[in-house]
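Participant: Each chain, letter by letter, is given below.
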Amino acid sequence: MDVKSAFLNGYIYEEVYVCQPPRFEDHKHPDYVFKLKKALYGLKQAPRQWYERLSNFLLSHAYERGKTDKTLFIKKAIQ
Amino acid sequence: MREAKQIRHCLLRKQSNDIILVQVYVDDIIFGSTNQNLCEQFVAVMQGEFEMSMIGELHYFLELQIKQLNHGTFLSQTKYCKELLKKFDIENCKEISTPMATNCYLDSDEKGTSVDQTKYRGLIGSLLYLTASRPDIMFNVYLCARFQSNPKESHFTAAKRILKYLQGTTNVGLRYPSEVSLNLVGYSDSDFAGCKIDEKSTSGTCHLLGSSLIS
Chain V
1 MDVKSAFLNG
11 YIYEEVYVCQ
21 PPRFEDHKHP
31 DYVFKLKKAL
41 YGLKQAPRQW
51 YERLSNFLLS
61 HAYERGKTDK
71 TLFIKKAIQ
Chain F
1001 MREAKQIRHC
1011 LLRKQSNDII
1021 LVQVYVDDII
1031 FGSTNQNLCE
1041 QFVAVMQGEF
1051 EMSMIGELHY
1061 FLELQIKQLN
1071 HGTFLSQTKY
1081 CKELLKKFDI
1091 ENCKEISTPM
1101 ATNCYLDSDE
1111 KGTSVDQTKY
1121 RGLIGSLLYL
1131 TASRPDIMFN
1141 VYLCARFQSN
1151 PKESHFTAAK
1161 RILKYLQGTT
1171 NVGLRYPSEV
1181 SLNLVGYSDS
1191 DFAGCKIDEK
1201 STSGTCHLLG
1211 SSLIS
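Read top to bottom, the protein sequences are chains V and F. Position 28 of the first sequence, counting from 1, maps to 28 under the working numbering, and the rest follow consecutively. Counting from 1 along the second sequence, just add 1000 to a position and that's the residue number in the working numbering.
Excised from the complex, chain V in its bound form (with noise of 0.2 Å):
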C-alpha cells in the first residue's frame, strides 16, 4: 500500500514559520506568518517525523520493531 502525501502526517515539535501562501493571505493581519503544526515537504524535519507518527502508531498497535532493520514491524498475535 502507499500512504498518500506521507510527509504532511508528521508533527512538528520545532518552531517553524512560512510566509502566508499566495491566495491563502489572511485580509486582516497581512503582515502575519503562520506557525507550523505539521510537517511539509522540504522541510528537513519531515522525514523524521513521519517516521515517528507512523513507528509511534504502529507500536502502539502492539507490532514490534525490527531490532537490526528499523523499518520492519512484525506482530504477533496472541488470543
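Quick caveat, the hints were computed from the structure, so don't treat them as lab data. Treat the hints loosely; a few may be bogus.
To be verified - Taking lysine-lysine and the BS3-like style, the derived pairs with C-alpha atoms no more than 30 Å apart in a straight line are: (1) F:Lys-1079 with V:Lys-75; (2) F:Lys-1160 with V:Lys-67; (3) F:Lys-1160 with F:Lys-1094; (4) V:Lys-4 with F:Lys-1067; (5) F:Lys-1094 with V:Lys-70; (6) F:Lys-1079 with V:Lys-70.
Unchecked claim - Label-pair restraints from in silico Cβ distances: (7) F:Met-1054 with V:Val-33: 52 to 60 Å; (8) F:Leu-1209 with V:Val-33: 54 to 62 Å; (9) V:Val-18 with F:Glu-1095: 49 to 57 Å; (10) V:Tyr-51 with F:Glu-1095: 38 to 46 Å.
Ideal Cβ placement from N, Cα and C applies to all residues, glycine included.
Chain F: place on chain V using the hints.
Facilitator: Quick look at chain F alone, frame taken from chain V:
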C-alpha cells in the same frame, strides 16, 4: 463439552502462531502474514489513521520485480537492467557469456587515458543497485568500484564488459522456493594476498537457507 473445549484450544493456539510482517519504505508499505485476517485488520487500522491507497498483490517494489508462483517466489530486476543498458547506449551490443575475462587484471593504470568520472561513477552506482538480485556480478562490480577516484579507459572497458554480460542475462534473478527447509549453510572463500597492487586478500561469503540465498 470437553471435546469442544479442546477444539477451541487448538484454534486458539493456531491463531497465536500467526505473525504479520510490515516493511516500510518512506511512504510505501509492504506486508505479509500467515493469516489473511491479520492482513485485513492491518489495512483497516492503517486506513483509519492515514489516507492511503491499496495497490494489491506485491509485483514491484523499489525496482524489484516480484513474481509469486505456486511453488515459490521469484525476484528479478529485468526492467531495471534493460533501462540501465539503454541509459549507457549498449542495447544492441554483442552478448558476452562472462562478466569479466579470466586474464583480466586491473590496476590503477596511471598512464592510461582518463575517462569521465561522473559517467563512470554513475555506471558503478547503477550496477551496485543491480547486485540486489544479481550476486553473480557482485565481485566484478566491486572490483571496478575500487577505481572510481581516478577511472581510466581500461577500467571503463571492464565495466562495460559487465554490461555486455548483462545484455544476455537480463532475465536472471533469485528464486525462493516455498519448500520449508530451514537448513542454514554458509560458504566463504578467499585468496591469500591476491591483489597485486597492495597484496591484500579478497574474501566473499554467502548464506543459504534451504536453497534460498539470504545474504
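Participant: Hint check: Lys-1160 (chain F) vs Lys-1094 (chain F), CA-CA at most 30 Å. Holds or violated?
Facilitator: holds (11 Å)
Participant: Taking 52 to 60 Å as the stated bounds, is the beta-carbon spacing between Met-1054 (chain F) and Val-33 (chain V) within them?
Facilitator: violated (39 Å)
Participant: Given the hinted pair Lys-1094 (chain F) and Lys-70 (chain V), is their Cα-Cα distance within 30 Å?
Facilitator: violated (43 Å)
Participant: Lys-1160 (chain F) and Lys-67 (chain V) were given as a pair; does the straight-line alpha-carbon distance stay at or below 30 Å?
Facilitator: violated (39 Å)
Participant: Does the hinted range 38 to 46 Å hold for Tyr-51 (chain V) and Glu-1095 (chain F) at CB?
Facilitator: holds (44 Å)
Participant: Would you mind confirming whether the straight-line C-alpha gap from Lys-4 (chain V) to Lys-1067 (chain F) stays at or under 30 Å?
Facilitator: Holds. Lys-4 (chain V) to Lys-1067 (chain F) sits at ~26 Å (cutoff 30 Å).
Participant: Between the beta carbons of Val-18 (chain V) and Glu-1095 (chain F), is the distance compatible with 49 to 57 Å?
Facilitator: holds (55 Å)
Participant: Would the pair Lys-1079 (chain F) and Lys-75 (chain V) pass a check requiring their Cα atoms to be no farther apart than 30 Å?
Facilitator: violated (33 Å)
Participant: Has the hinted range 54 to 62 Å been met by the Cβ atoms of Leu-1209 (chain F) and Val-33 (chain V)?
Facilitator: At roughly 56 Å between Cβ atoms, Val-33 (chain V) and Leu-1209 (chain F) fall inside 54 to 62 Å, so the hint holds.
Participant: Can the restraint linking Lys-1079 (chain F) and Lys-70 (chain V) be considered satisfied, given a maximum Cα separation of 30 Å?
Facilitator: Satisfied, since the Cα-Cα distance of roughly 28 Å is no more than 30 Å.
Of the numbered hints listed earlier, those contradicted by the structure are 1, 2, 5, 7.
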